[in-house]
Amino acid sequence: MLTSDLIRPRLRMQGSTVSVEMVDEQNPVLQQTARDLIELFKQHIGQSQSVWEEALDIYEGSRVDYVLIRGLAKVLIDGAEFTPLPTPLPPATLREQLFSRGPVFASHDLLHPTTRQEALEEVAGEVALLPQDLDALLFADRHATYLLSDPGPAWTPATLLARYNLELARGVLYWASHITIEASSNYKDLWRYIKLFKLMFWAEPAQNGGYRIDLDGPISPFVSATLRYGRQLAAFLPALMICDSWQMRAHVYPPQGRGEMIYRLDHTCSLHSHFKRSGEFDSRLEADFAHEFEQKIGNKRGHWRLTRESEVVLLGDTVMVPDFVLTDTDDENRRILIELVGFWHPQYLRRKIEKVRAANCPQLLLLVYKGLNVTGEAFQDVASEVIFFQHKPVMKEVMQTVESMTQRIYGPRPKRKIPKKRRQPQEQE
Amino acid sequence: MDASVFFQGGTLVLHQSEQHIRDMEHIPAPFQLVKSRWRCEAYHYGPLLSWFREQHIHNNVPRWQRLALKLHDTRELHDYQVKALDAWEAAARRGSVVLPTGSGKTLVATHAIRQVNASTVVLVPTIGLLYQWYCLLTNAFQTEIGVYYGGEKRVLPLTVTTYHSAGDLIAEYGNTFKLLICDEVHHLPAKTWGEAALMTPAPYRLGLTATYPTELEQGGDRWELDDLIGPIVYTQRLEELVGKQLAEYRTQRIRVNLTADERVAYDAAYAVYTGFVNERGLRRSHGPAWLHELMRLSAFDPAARRAFLARQQAQKIVESCQGKFAALEALLREHSGERILIFTESNAVAYTIASQYLIPVITHETHVAERKHILDAFQDGRYQAVVTSKVLNEGVDVPEAKVAIVLGGGASKREYIQRLGRILRKKEPLQAVLIEVLARKTIDEGKAQRRRVPREQC
Numbered sequence: 058m059l060t061s062d063l064i065r066p067r068l069r070m071q072g073s074t075v076s077v078e079m080v081d082e083q084n085p086v087l088q089q090t091a092r093d094l095i096e097l098f099k100q101h102i103g104q105s106q107s108v109w110e111e112a113l114d115i116y117e118g119s120r121v122d123y124v125l126i127r128g129l130a131k132v133l134i135d136g137a138e139f140t141p142l143p144t145p146l147p148p149a150t151l152r153e154q155l156f157s158r159g160p161v162f163a164s165h166d167l168l169h170p171t172t173r174q175e176a177l178e179e180v181a182g183e184v185a186l187l188p189q190d191l192d193a194l195l196f197a198d199r200h201a202t203y204l205l206s207d208p209g210p211a212w213t214p215a216t217l218l219a220r221y222n223l224e225l226a227r228g229v230l231y232w233a234s235h236i237t238i239e240a241s242s243n244y245k246d247l248w249r250y251i252k253l254f255k256l257m258f259w260a261e262p263a264q265n266g267g268y269r270i271d272l273d274g275p276i277s278p279f280v281s282a283t284l285r286y287g288r289q290l291a292a293f294l295p296a297l298m299i300c301d302s303w304q305m306r307a308h309v310y311p312p313q314g315r316g317e318m319i320y321r322l323d324h325t326c327s328l329h330s331h332f333k334r335s336g337e338f339d340s341r342l343e344a345d346f347a348h349e350f351e352q353k354i355g356n357k358r359g360h361w362r363l364t365r366e367s368e369v370v371l372l373g374d375t376v377m378v379p380d381f382v383l384t385d386t387d388d389e390n391r392r393i394l395i396e397l398v399g400f401w402h403p404q405y406l407r408r409k410i411e412k413v414r415a416a417n418c419p420q421l422l423l424l425v426y427k428g429l430n431v432t433g434e435a436f437q438d439v440a441s442e443v444i445f446f447q448h449k450p451v452m453k454e455v456m457q458t459v460e461s462m463t464q465r466i467y468g469p470r471p472k473r474k475i476p477k478k479r480r481q482p483q484e485q486e
Numbered sequence: 007m008d009a010s011v012f013f014q015g016g017t018l019v020l021h022q023s024e025q026h027i028r029d030m031e032h033i034p035a036p037f038q039l040v041k042s043r044w045r046c047e048a049y050h051y052g053p054l055l056s057w058f059r060e061q062h063i064h065n066n067v068p069r070w071q072r073l074a075l076k077l078h079d080t081r082e083l084h085d086y087q088v089k090a091l092d093a094w095e096a097a098a099r100r101g102s103v104v105l106p107t108g109s110g111k112t113l114v115a116t117h118a119i120r121q122v123n124a125s126t127v128v129l130v131p132t133i134g135l136l137y138q139w140y141c142l143l144t145n146a147f148q149t150e151i152g153v154y155y156g157g158e159k160r161v162l163p164l165t166v167t168t169y170h171s172a173g174d175l176i177a178e179y180g181n182t183f184k185l186l187i188c189d190e191v192h193h194l195p196a197k198t199w200g201e202a203a204l205m206t207p208a209p210y211r212l213g214l215t216a217t218y219p220t221e222l223e224q225g226g227d228r229w230e231l232d233d234l235i236g237p238i239v240y241t242q243r244l245e246e247l248v249g250k251q252l253a254e255y256r257t258q259r260i261r262v263n264l265t266a267d268e269r270v271a272y273d274a275a276y277a278v279y280t281g282f283v284n285e286r287g288l289r290r291s292h293g294p295a296w297l298h299e300l301m302r303l304s305a306f307d308p309a310a311r312r313a314f315l316a317r318q319q320a321q322k323i324v325e326s327c328q329g330k331f332a333a334l335e336a337l338l339r340e341h342s343g344e345r346i347l348i349f350t351e352s353n354a355v356a357y358t359i360a361s362q363y364l365i366p367v368i369t370h371e372t373h374v375a376e377r378k379h380i381l382d383a384f385q386d387g388r389y390q391a392v393v394t395s396k397v398l399n400e401g402v403d404v405p406e407a408k409v410a411i412v413l414g415g416g417a418s419k420r421e422y423i424q425r426l427g428r429i430l431r432k433k434e435p436l437q438a439v440l441i442e443v444l445a446r447k448t449i450d451e452g453k454a455q456r457r458r459v460p461r462e463q464c
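Chains A and B are the protein sequences, given in the same order. Residue numbers for the first sequence follow the numbering used here, so the first one is 58 and each next one is one higher. Residue numbers for the second sequence follow the numbering used here, so the first one is 7 and each next one is one higher.
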């Protein structure tokens, strides 16, 4: 992420809103700068960080767009890897030995019978190094001496500028006390990142579908507008951008200081996340289940549509995202949530059972792998239905249970008014 | 399901079933229902303990360890230090001790740690002081000491951190420390710095300072020291202690010439820089903030940018001119066998000197263990000289040097006095000397003039 001095000059304030001045990724002049830097960086593979910094200084010269140049360079550095020179002994040990002979000079005098070169040779002999190598390794633990070993992603001018824009947006959140987001897909990844960055959230269903989520940190409610979690919020931001549709409202206290300001972003902005979406399926079991449903039931037989992780069960300060939702295509209100409990660590399972209990959710159907050594007892005070299976869930049994559950929860099925043919599974994506 | 309380990111969280909550008479005041959980700031832990017991709430907060510390510091406590400790014990190990600078506050702290004999975190305002506490605790307890700041993060049962980094440390490890010590505790009411104390559940707290903030000074901010640390338990005034004795010293200035090439480059850069500043009348229009204005302009005005770079260039020439290195070399030869401290303006020059003369160097990059090694070895004579940039300026104990050589520095009087203090803090009287090496007819001379402090004011 960029340092705050690279963000500050690009903050723009108007009324009570703050924004950050982003760059046009297609602008040929900016692309040229990006191209120069990518090229220059590649030329420095195998060179030390300080040599790279000097080259960057020279490139920058007296240009006034140094905030951009340094920002792009920071993105390059962050994606790259610098490795310390291999040393036979820790550099601090080498220094200890050499410095105990100093101060030394290029020439002798009465009180300094040893020259610098002689001191180097003496110590080099003791540690089995060449004097010039010893000289080079003296400060090998300073980052300035690390060598550029891997320049990171294969940047193009456009991708580098795009990433720079994303980092600018993140940077605004350094001064954020809390943010409110609305999102309507990809929940599992969202929760995963919220947890990863140790943020606290409060979620509720939004009017237009999806969820509205407040994000801050544990101490936030007790201190007014702490900026303690700004870095975590900034780190989290790209997670939001892997949702298909989202918006964000951040409460920001810019360092230029005019009190609280609002920073807004939504999915219509051109920013792209570099976070990876988690795979289509968390486990083989889920993939197989979806596949079998498609094969045996699909939209040809029956009246159910299977969607993946499209609903959230809110449980106070935690959530549960069931693996699948079966929606009755004749009456969208008739829904059954399906959670597959497969091959897992006992601790994970315990947490899962606790969550299921807390959910107290009659429309939840649990498919539990028998080999797990869980008995019916574990699920005793759970409102949900449970089906145990040996190798994989039996589709027929599952669908029968689903039918009887819907009957029980929602009452008898309404008479079908719409002919089957007109149903389109297009809402899926 | 039984109710329990646990620590999370600086808060205490009640974990209980709906049923249990209904059964409880009432949840006491500091707890608030936040996002469906009862939660409060962790510093309420001590006062809440009896309520947890009463309600049979399982206490999952403490993760602190009992230790088997042995104090290896053989210095005997002064009367006032004993009284301070007794007063702190009598106040249930909560509160602040106010003692004048140099009267051994830290010795009170090490004894407090030994008495509590459990994992402890020490908060200090600067990295310099962090380093000093690291040495002190290492020597006092002869055990590994953790440090947590920008440059290093190692958390151990005894850990020192800066107020700046404390929030992150406490959010993660707050419940692993039973005793919280805040050095220079008067900083605590500051906006963000108090948060760390707020987020710590440690039941035992000790504040140390020479200047306790008045109620007025505290009132402007968000929390009061008495809430966070406890009341003042002991105060000792300065006049009651014996004054410190300063060593004899003299100052000396050495002026060096730029080489012909350096002079040409310097004059050209200086002309660009001052030309712009004068032409735009920045000093007139912006007063002391003129430099800030120059930086602001340089983000879009090419002439301002060139002026700013020219200024940097001029400073660089002055700081690393050949004459200064020649003078340094002569001084090192002349003062052979004496303890010498060398001050530079930038890290780059400090490392150049270290490498050229094989002299140990301390900068902000130097980790605590190596710092300790360098200063210990300087103290016992294994190292004759140490070169440093700005890091030793802060209120840090450094072995007395006989010679201080200032190769570069700002115009700040404060820095000058601090550097002077490095050679003045003496046990035995001996003539010390502070030598400033200046480049003739450059910005160096003006700075030296401005930082000059009449002797009687030092």
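If you're looking for bench data, these hints aren't it; they were derived computationally from the structure. No experiment lies behind these values; they were computed from the predicted model shown. Wrong hints could be hidden among the right ones.
[As the list claims (entries may be wrong)] No farther apart than 25 Å at their CA atoms in a straight line, the calculated lysine-lysine pairs in the DSS-like style are these: (1) Lys76/B - Lys255/A; (2) Lys131/A - Lys41/B; (3) Lys252/A - Lys41/B; (4) Lys245/A - Lys197/B; (5) Lys41/B - Lys255/A; (6) Lys255/A - Lys159/B; (7) Lys412/A - Lys159/B; (8) Lys353/A - Lys333/A; (9) Lys131/A - Lys99/A; (10) Lys245/A - Lys255/A; (11) Lys245/A - Lys453/A.
Results of checking the hints against the structure:
1. Lys76/B - Lys255/A: violated, 38 Å
2. Lys131/A - Lys41/B: Violated, because 38 Å separates the two Cα atoms, which is more than 25 Å.
3. Lys252/A - Lys41/B: holds, 15 Å
4. Lys245/A - Lys197/B: violated, 36 Å
5. Lys41/B - Lys255/A: holds, 15 Å
6. Lys255/A - Lys159/B: With a Cα-Cα distance of about 19 Å, the restraint between Lys255/A and Lys159/B holds, given a limit of 25 Å.
7. Lys412/A - Lys159/B: violated, 35 Å
8. Lys353/A - Lys333/A: violated, 32 Å
9. Lys131/A - Lys99/A: Status holds; Cα separation ~14 Å.
10. Lys245/A - Lys255/A: Holds, at about 15 Å.
11. Lys245/A - Lys453/A: Not OK: Lys245/A and Lys453/A at ~28 Å, beyond 25 Å, violated.
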